[in-house]
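Undergrad: Sequence:
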Amino acid sequence: MATGGIFSSGGGYMQDTSPMDMSFGASSSSKGPTRREHTGGRLVPVTALMIKRAADNKKSEGDDFILNGEIVNQVRLVGQVRTVQETNTYCGYTLNDSSGALVEVKRWTNVDDGVKEQNVRADIREGTYCCVIGNLRSFGDKTNIGCFTIYPLKSMNEITRHLLEVSHAYLEMTHAHYRSESMQMDSTPSTSTSTTPGIVAAQVNSVLSPIHRDTCEVLRNCHKQFGLHIDEVVGRLGAKYSAEDIRKALEFLCSEGLVFNSSDEDHFQSADS
Numbered sequence: 001m002a003t004g005g006i007f008s009s010g011g012g013y014m015q016d017t018s019p020m021d022m023s024f025g026a027s028s029s030s031k032g033p034t035r036r037e038h039t040g041g042r043l044v045p046v047t048a049l050m051i052k053r054a055a056d057n058k059k060s061e062g063d064d065f066i067l068n069g070e071i072v073n074q075v076r077l078v079g080q081v082r083t084v085q086e087t088n089t090y091c092g093y094t095l096n097d098s099s100g101a102l103v104e105v106k107r108w109t110n111v112d113d114g115v116k117e118q119n120v121r122a123d124i125r126e127g128t129y130c131c132v133i134g135n136l137r138s139f140g141d142k143t144n145i146g147c148f149t150i151y152p153l154k155s156m157n158e159i160t161r162h163l164l165e166v167s168h169a170y171l172e173m174t175h176a177h178y179r180s181e182s183m184q185m186d187s188t189p190s191t192s193t194s195t196t197p198g199i200v201a202a203q204v205n206s207v208l209s210p211i212h213r214d215t216c217e218v219l220r221n222c223h224k225q226f227g228l229h230i231d232e233v234v235g236r237l238g239a240k241y242s243a244e245d246i247r248k249a250l251e252f253l254c255s256e257g258l259v260f261n262s263s264d265e266d267h268f269q270s271a272d273s
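Read in the working numbering, the sequence shown has 57 at position 57, and its numbers run on one by one without any break.
Be aware that a few hints might be false.
As the list claims (entries may be wrong) - Below, in silico cross-link-like pairs of lysine to any residue (SDA-like), each with a Cα-Cα straight-line distance of 25 Å or less:
1. Lys154 / Thr83
2. Lys116 / Cys147
3. Lys224 / His267
Worth flagging that the hints you see were computed from the coordinates, not collected in a lab.
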């Protein structure tokens with residue numbers, strides 16, 4: 001069995017390459033308190049580094065785990081077992097997914113466990129790649145996953161699938177986070193009884209320069225899953241502005257939270273689309 005990291009390829013899969021560092025918890029705290037969404041019982045695919053940073057951001061033991069503005073309880077992690085500890089009441093595992101942190105996993109056992117359950121435990125030894133599903137828990141300064149499902153991977157393709165699901169969850173949660181912030185930014189008290197998306201867009205457009213306004217409009221009218229590649233934006237606005245000016249406009253709009261990177265640093269989506 002290989003002992004290298006499953007997400008590593010010359011330094012690890014989860015490197016500091018995206019604006020939000022793919023940590024689900026790296027949003028700025030300088031904007032003041034914001035309403036937290038709750039994922040409810042939704043299972044969220046994560047990496048060990050995401051769990052660590054969510055735990056580090058907690059102010060006290062009783063605080064929720066926040067991943068990119070959402071309260072998260074139930075998670076799924078794929079990693080390699082580094083240590084196994086078996087007692088009469090639980091099995092403890094240390095998992096490494098090469099994202100930059102280790103995760104402690106604890107699964108409680110009981111005398112009613114069937115043969116199948118016992119066989120699964122027997123299969124999960126040091127060096128085994130496995131999938132863990134459970135709830136995030138904190139005890140003092142320690143964080144672990146209270147595991148209710150753990151099983152060895154049948155195929156290494158499950159690693160690729162997990163990585164894709166982590167990326168998809170990141171995009172989904174980031175999009176929802178930026179949309180929420182955009183709506184809060186424009187929901188200042190007024191005599192109006194409601195604020196429609198059209199009014200929000202009009203308010204934003206009124207304070208933007210022509211190139212910023214046109215760039216926002218192009219992205220707002222795009223309904224592709226991952227938005228537009230920067231070359232597509234240049235292609236649509238190239239008759240009016242230079243490629244360099246369009247790139248600078250995108251950088252400005254990203255810094256203002258009006259657009260954001262989606263699948264990679266060259267794809268952009270409107271926070272108001």
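Undergrad: Which numbered conditions among the earlier hints are violated in the structure presented, ordered from lowest to highest?
TA: none
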